[in-house]
Every structure is written in structure tokens, then in C-alpha cells.
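*Asks:* Here's the letter readout for the chains.
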Amino acid sequence: MLITLGTWLACYWFGWRMTVLIPMAITFILPERNVILDFLFCFFSIFIVWTGYSYFLSSTNHHLLTDRMTSLFSMSNSITIFTITGIIGGLIAGAGGSTGYFLHHFLKNKERS
Amino acid sequence: MTYRWKFVFALFTCLLLLILLSTPLPKQGLPAIAPLLNPFTGFWTLADPIDASLPDLLIPSKNIDNNIRVYLDDRMVPHIYTQTEADAFFALGYLHGKNRLFQMDLTQRAITGELSAILGPVALEKDIFARRINFKKAITNKIESWKNHPDMMILLNAYTSGVNEWISSMSKKDWPLEYKLLNCKPSEWTVEKTAAISISLAATLNLNLRDFGHTEALNQLGDSLFNDLFPLTPEFYRPIISQNWPKPQSDLDRFIQHSQSTTPTTVDIPIHDHHVGSNNWAVNADLTENGLPILANDPHLPLNLPSIWYEVEIKTPQMHSHGVSIPGMAGIIIGFNKHVAWGLTNTSIDVLDSYSINWVNKDTHSYLLDNDTLSASVRREIIEVKNEENHIEEILETYWGPILYDDSAGIRQNVAVRWVSHMVDKHCDFRTFYELMKAQNLNDYQQAIQNFYIPGQNIIFADHNDSIGITIQGKFPIKHPNRDRFIQDGSNKENDWSGFIPDSLLPRQINPPEGYLISANEWPTDRDYPFPYSGHFDQYRGRTIEQLLLKNQPLNLEKMADIQNSVYNMKAAECIPLLVREVTAAGMSHPLLDSLARWNFEYSAFSSLPTLCEIWLDELSIAVFDEISQSPISATPQIWRLRELIQSTPNHAIFDIINTKDKKENASENITMSWQRALEKFETIEDVDRKWGKREGLSIKHLLQIPSFSHQQLMTGGNGNTISAITKTNGPSWKMIVELSPHKTRAKVIYPGGQSGNPGSPYYDNFIQPWLSNDYYDIELIDDDISPSRVLQTIEFQLP
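Chains as they are written, first to last, in the working numbering: chain A, 1 to 113; chain B, 1001 to 1800.
Heads up, none of these hints are tricks.
If the Cβ cut is set under 10 Å, some of the chain A residues that face chain B in the computed set are:
1) Trp16
2) Thr85
3) Leu103
4) Leu107
5) Lys108
If you're looking for bench data, these hints aren't it; they were derived computationally from the structure. In this text, a Cβ means the ideal position worked out from N, Cα and C, and glycines have one as well.
Produce the complete structure using the sequences and hints provided.
*Replies:* Structure (C-alpha cells):
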């Protein structure tokens, strides 16, 4: 929830590259048990943000532009473009989340030593 | 692996992913994927809500004189209300920028030769042409002329400032979709860019290189045959203006002789031919049902999305006008106000001449002119090409103008061109539209149009006092009427222009006794006009309009709309009965011949007879003009000349087929042979594909030719010879009919597009369907009391 909301708000005001920074910050502060969990959490949280928000924008437009873009990229249907949008966001967030997780543990180990 | 290295690896992956997803892949034709697909600044943000009123905007601005109010109505047409004229143009600039920024940028780039910078090597040829012909010089000239009119410069600067107000307020999510797809960014607007848009209009309408095609035809036919096939005028035609002409003061004798002197040459140059045309007409109160004058105009231009036009109403204490503007240009170009209405068609008078250069030494750029040896200067143009190295083009400038094509490829000619836009002029064409927006009567119209010079236009006018008028307005060189149709000898100054037709002697007609005025790109004058000219003129549309105006009296707005949408083809009506008679006389019969004989010559979308007719006329042209029809660049005689020859001299040498050496064919044999070929061709076409609209239907393409942003292969009727002159790419780009009343002026308008340039907006193409069905919008001028139910959005600019 925190990742989803935080990233949406940050991206809305500061641009899409926040998709990498917010998950990184959150997993740095609150890491999960392992990096796979952090990656998956971040991936799916942002998959939801990117797909959900693009779907919301598209639906108020009755998918007029989505259909035109789907056709422009020779995609079979608009589900593909929403899915790709989500995956791109998810991958960026997942990579950011993993980085935050490792940064957390790297600094923690450094403190200990 | 320690956490340190895991962290470094993850960070590296993160950065790599960001870079990869932010990098376009031009070879695969893919834009940068994350910037495009993210829902915060990517294309999704341009998915404008449908069925929702837009939130009102309050924009603080330091660049205005007073507060400004703009209502966007339910068609997204802005109604601008301001206290000063500068503010009105500021608001227009803002709205153009907000709705059509990419279109404005692309159009000005096409003129400045900077398309390759955003489109890549695919646009390089176009840029080279733009640089070679030196559009930039035309821009500089235009700015110079504007600077002579400081009051106009204030308004042009206000317009520019309005565009830039929008540009500076834009965040990335507001960038037009095309910038996001091309991965480039908008830049500041300037007065020079406005001048480029204005030159773009001149290039579309007045820049033709028919000299090359004529020279090729001359080479193949010889003088005598050429003159026979390409007369300057038909035996019978309806000029725009016919009257007793005043004699010019200057000595024109040496130009009036129809001498023939040409420079035989071979060419390998693409012909730039836009097939643009238009109709306008005005009738006085005597001919109308309501006893009110009516003016109609439909300029035929290449139809694209976004449309070339942007509809607008502007009201200040000094003016109140409604019509269409061109994004990037200040002012209403075609429109009306409470008192007057005005419209434009292209004159088609030739204002570009070509000269072959006689080099003494190409390496030192020296060439002959009369008995002198002159040196051409070198202009070095650096063209930025996206994803590639800059292209450098060296262009030689001669006495006549720039060398359009050099011989670096070994096959191109050394041809220099002189174009009227290369000349400096003291007039300010922007003032014409500004003054027409404010005009109240005939005098104001005459005063306003004196400032218009490029591109030459037939400017028609009507006012509510029942005056109508038309002027062939422009800067028309005085030159040899026949020689100028070819590439001329550039070593002979005799071939130069000897000045321009003086304003006082430009063809004009006011309140003719017959009560109507018509122009449809036909010959501007009868043969007695003292200044000879050549050009590419239409023989049929003007005459069809005249027939329909005479037949449908008393006229009203609805009847005018029917005339404007007529697909009756006078070319077919004059040719087909003649051809059918010849074929029948030769003993041939076929049900399709009977159909053609009974045909009403309507080029309807669902009829297949226009298809058959055009195939037949094409085949006939190929058969008769076999001497030149093999050459891809040669000019071909017009159908009206072919018909004249069939009727007047059926045994003319041109009817002889060159492949049959032992036999001499006549017109009749050509006609029967072409009928057989046409029939064979026609019968190979599937039934459904024979329909005219299916075969020749219009496509309205997006400026970047993106199919899903375009409307392709529409079932449309008409062709270039019908009043509704819809072809595969061109058509009536703005249809306007205005009834002028001292009490309430009414108009009907429509254009094939929409007010928004955003393919994600419901207002991008919402006018296309009504345009196709000939449904017009009824317009009246609105004072500052627009019905709230019609308001889509209110935009207010406020001083801080």
C-alpha cells in the first residue's frame, strides 16, 4: 500500500522516474525477509499503479487514444498495451526495490563491523 | 557475494534498466518506451476525457493589457473577448499553441528545412529542397516587409507571446503526442516561425515547377505541335473577369508578342504539383430568396489531420469576426463579420521561372550572362539529421536565384529558379486579414487587400449594403507569356521579368450587372487583358457554378450548400456524349455504352460510371499523346484541348499512333481503341472496387502519416473537376456560406477535422463525419452572452 500510494503521489508531482526512487527508499527503510519478496512486492505494487492509473485515464477517454496507440504498435488488443505498461513500471520498481534492500543490508553490515 | 557487491550490482541493473527503457530504438522504429508508456508524463496523459466539461482555467499573465475571457463552445471553437486587439491576438496565439503546437512546428520546419532534425534521414530530401529553393530568404523578406508596419508588428509580437505563454506553462505531460513519439521537445515560438507558416501557404499555392514538364514536352513534340497542344487558353472559356481593360502606361509591346524561344534540355527533376484549387462566389440581393447578398467559399487543399484550419470568433471594441485561422499565423484568413464576408481562391498564375545556367567554369562558379562572366556565390547549408551526422549542402546563388538542383549526381541540370517570394516587398499581407476582420464596406475591402501580394489570390467580397466584388490580388511578374512556361536561357537577360503588374491594373470587378461573381481557379481574365500571363487553370468548376447559380434562383443558404456539394462533372458531360457517339458510329455496342449515354455525369461515391469515364479518358490521353505519354515528367495536354482537337481537327497529326508506321490514324480510331482498352481494364476490376468512392475515395492522413491517427479510404464522391473537388488527398478544406444582413448575419460552416490537434481528444476529428454528410454548423456572431449550456470551458487571462 505504502509503495503503491507513495509512488503514485511522487510520480504525479515529480515525474515517472520516482518509480525507482520511492520503492528503493521504502525497501531501504522497511526491508522484507529476502530480496525476492521485496522485488515482487515492488513489482506488483507498481504494476498496479501503472496499469491502474493508465486504465483510469484511458477509460475516461472511452479508450479512444488507447485503441489508436494499440493499432500504431500493431498490437492485437489494448490489454497488451496495459500489460506492457504495468510490466515496465513493475520492472523499474522491482529493480529499485532490490537496490534498496541491498543498500539496507550493506549499511547494516557496515555498522556492525 | 557481499551485500556491498549485491548493492552495486542492483544499482547498476537499476541504472541500466532506466537508460535502456529511456532510449529510443530508431532502427526498430520504437520510441523511448518508459517515457512514452508511463501514465504520468507518457501518452496516457493525452487521453482527454470524453463527455465531461473541462475545468475552467484562470491564467495569470504579465503579457496582456487587460483581462481576457475566452469561451470554448460545445464544438471547442473559441470565442475570444478582449479590450485590445493585441490581447485578442495574444489569446489566439495561446489557443493555437495549446491545440496545434506540433502541427505549427512541423509546418515551419518543412519551410526552414529542419524536418530531418526531428524525423531523421527520411526527411532529408525535403529539407534539401527547402534549403536549395531558399525559403529562408522568403522568410527574411517577409519579416522585412512586416517591420515597415510597426502597428502590425505589435500584434504579431502579441500573437507570438501568446504561443510562448502556453509553451512556457506546459509541463511534460502536456507535450503533444507527436513529440513524445519522436522523442524531441517543443521550442520557443518566434515571429520568424510565423513568417515560415505564411511562406508555407505560398509554397503550397504558388510554387510549381511545371516549366520542367513543359520543357520535356516541347523537346519531344517540337514548337508547332507543342503550341497546338498547349494553347494558353481554350477556344471557349469563362474567365473570372471580362470587361473593357484600361491600357497600361508602360510599354509592353515586346512582351505581348507570343514569341517562342526555348532552351532544349533534358531534366531529371521531380515535379512538385499539389493540384490545389478552390471555389468562391458571391451573389447580390436580387438573386436571393431573402433579398440579402450571399458569399460562399471552399478552398481545396491537401487534407490532413490536424486540419490546416482552426475556427475562431474574435470580439474587441474595434472588431467582431468569425472564421478560420491558420495555426502559426495571426488573424482570420477566411471569414465574416457583422458587415462583410470574404473568401479566397488560388489564382494559379505562374510566378516561378526556371533558367538553365551556362557555366564558363563550374569549378570557379563562373557563368555567362549576356556578354559578361559572373561568379555565383556559394551558400553553405548545414542540415541537422536525427541520429546521423549533419548533412552539408552547398548551393550556388546566381543572378536569377538559387540553383535548384546541381549536377553532383551527374544527371541533374544546372537550373536556377526565380520565385516571386524571393523578392522584397513593402506590403504587409498580415494587414490584409487584420483590416478585413474590421472591414465595414467595399472601400475597407479595397483598402485592405492592397497589402496582399503572396500567394496571388482571387479575393472575393460581399457586404450587407449589397456590394459584391472580386480582385485578382497578388504580385504578378510581367514576363514573356509563352517563354516563361519553359526552362529559359539563363545567359540572356532578355528572359528576365520586367517588373510587376501595377496594383491599379490588377483585374478587379465590383457589382457586375449580372449580380454574381465566381472564381474557381480559372483564367482570371478574357484575352484582352493587357498583361499576358500563363498558368494552370481550371476549365469546368467555374462554369458549373455559373450554371447552377442561374438555375437555382432565388438562392438561399441551403441551395448554396447544395451547389457547394455538387459532384456534377462538366468535363464528363462535355466529353462522354462525344466519345460515345464516335464509338457507336464505328458500329460498337455494349450495355456500359448505353449506361454512359444515359448518365447524369454525377461523380457519386457509389456509382461505377465515373470510374469507367476516367479510365476511358486516361486511355484516350495515353493513345493520343503517345508522343509524350511515356515520359514520366512530361506535361500532358488538358482534356479540354483534347476535346477541342477531336471536334475541330479529327485528322490532326497528334492522332497518328507512332507505333503503326504504315498507317495514319484519326481521332475516331483513337477513341474506339481507347474504349476497348478501357473496357478491358474496367472488366478486370471487381464489382465492389468499381465504385468511385472505393477507387478514388479520400484519405485524410495524419501529418506523420500514422494510419491509426488518420481517416483512410473514405467513400467520397467528386473529383478535381466537380465543384465538390474531393480527390484522394485534397478537398474542400473549409466550407463557408454567409448571408449578410444589416440585422443578423448568418453562416453555415464546416471543415474536415476538429479543433484539437491531439489524437487522444474527442475534438480531434469530430467534424469529419458531418463534413462527409454535408451537414454544416449554423453560425451567428455571439456578443459576450454565449448560452452557458453551450460552454465547454472558460479560460480567463488575468493581470497579476
